[in-house]
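Taking the hints into account, I'd like the entire structure generated from these sequences.
With this note's numbering applied, the sequence shown covers 6 to 179.
Calculated directly from the structure, the hints in this document are not laboratory data. Each hint should be verified, as a subset may be incorrect.
Said to hold, decoys possible - Heads up, simulated EDC-like pairs for lysine to aspartate or glutamate below, C-alpha to C-alpha not over 20 Å straight-line:
# : residue 1 : residue 2
1 : 43        : 109
2 : 74        : 109
3 : 60        : 82
4 : 43        : 107
5 : 43        : 15
These numbers were taken from a predicted model, which means no experiment stands behind them.
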Amino acid sequence: GGRLVIVPREVTRSPEDFHALLVEQRVTVLNQTPSAFKQLMRVACDSPAPMSLEKVIFGGEALDVASLKPWFDRFGDQAAQLINMYGITETTVHVTYRPITEADTQNPASPIGEAIPDLSWYVLDADFNPVAQGCSGELHIGHAGLARGYHNRAALTAERFVPDPFSSDGGRLY
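As structure tokens, then:
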């Protein structure tokens, strides 16, 4: 079984103290924004103290994959698995999952990966037709992870949570 470590606020403000906590508590899974991880990475790359991290999950903002190069230079692909997740509040946070490798640091794009299994996603044009790969469109999310809508805002819910044209069971898309 796992154990949840609640990080005191003052520790979150100090990359050195946060790194020490991760080492001391032998944290194996870390979920952070990319900008917070950049600060931690600077300390971790310079520290001889080994961390127990097995997975680092990024979310909350776009990941600049090239910024992870110092991590891979120091730890390679053999250390913690780095995972980029994309999501929005309306989809109850995460929609996609993408393990990041050292090779990804050569590409300026922020890869968002594949949909989490209980969700569907479509890149659609303004008429809700799928666009060809590589073409621009709007990302629409559907299925189990979708929120019910906006609290006490029926008109906005109806505008943003639309019928899923690919669903036979009355599903919706955001």
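Comparing the hints with the structure gives:
1. 43 with 109: Roughly 16 Å between the alpha carbons, so the hint for residue 43 and residue 109 holds.
2. 74 with 109: holds (9 Å)
3. 60 with 82: Within the cut-off at roughly 12 Å; holds.
4. 43 with 107: At roughly 16 Å apart (the allowed maximum being 20 Å), residue 107 and residue 43 satisfy the hint.
5. 43 with 15: holds (18 Å)
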